[in-house]
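Engineer: Using the sequences and the accompanying hints, generate a full structural model.
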Amino acid sequence: MFTAAYALRDEMPWQVQRGTDFFFQGVMALPYHIYVVSSKIPQNEYTERVQYGAAFAFLVLVLLIAATSVVLRERSRSRLSW
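Numbering of the sequence shown is given in my numbering, commencing with residue 1 and proceeding in unit increments.
Calculated from the structure, these hints are not laboratory results.
Using N, Cα and C, we set each Cβ at its ideal position, and we do this for glycine too.
It is possible that part of the hints are untrue.
[Said to hold, decoys possible] What follows is a set of in silico ranges between Cβ atoms, one per label pair, in the way DEER data are often shown:
#1 S81 to S38: 41 to 51 Å
#2 S38 to R77: 34 to 44 Å
#3 L63 to K40: 24 to 34 Å
#4 L61 to S39: 46 to 56 Å
#5 A55 to Q17: 29 to 39 Å
#6 S81 to I41: 53 to 63 Å
#7 Y35 to V60: 14 to 24 Å
#8 Q17 to K40: 40 to 50 Å
#9 E45 to L80: 47 to 57 Å
#10 R77 to Y46: 29 to 39 Å
#11 V36 to S81: 44 to 54 Å
#12 L64 to V36: 37 to 47 Å
#13 E48 to S81: 51 to 61 Å
#14 L64 to Y35: 16 to 26 Å
Structural biologist: In structure tokens form, the structure reads like this:
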């Protein structure tokens, strides 16, 4: 999720040849997308919303992954006796 990504895409995700290609195509990593939107694209009202929205989505994903790991750790600790 954090490392493998396209650096440049010249077509939109829904412009695919076959229907199954939609689910198996590469995407830009979210941290890199935030960087591109904030530094490479001319700034306006729309790009500001995209920056904040992408950063919020990234933080939510990281928090969900962290919370899931804490829950799984606590469940495994309660089942194991040291």
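Engineer: For every hint, state whether the structure bears it out.
Structural biologist: Do the hints match the structure? See the list:
1. S81 to S38: 41 to 51 Å: holds, 50 Å
2. S38 to R77: 34 to 44 Å: At roughly 40 Å between Cβ atoms, R77 and S38 fall inside 34 to 44 Å, so the hint holds.
3. L63 to K40: 24 to 34 Å: holds, 27 Å
4. L61 to S39: 46 to 56 Å: Violated - the Cβ-Cβ distance for L61 and S39, about 21 Å, lies outside 46 to 56 Å.
5. A55 to Q17: 29 to 39 Å: holds, 33 Å
6. S81 to I41: 53 to 63 Å: holds, 55 Å
7. Y35 to V60: 14 to 24 Å: holds, 18 Å
8. Q17 to K40: 40 to 50 Å: The hinted range 40 to 50 Å is violated for Q17 and K40, with Cβ atoms some 28 Å apart.
9. E45 to L80: 47 to 57 Å: holds, 53 Å
10. R77 to Y46: 29 to 39 Å: violated, 47 Å
11. V36 to S81: 44 to 54 Å: This hint holds: roughly 50 Å between Cβ atoms.
12. L64 to V36: 37 to 47 Å: At roughly 24 Å between Cβ atoms, V36 and L64 fall outside 37 to 47 Å, so the hint is violated.
13. E48 to S81: 51 to 61 Å: holds, 53 Å
14. L64 to Y35: 16 to 26 Å: holds, 22 Å
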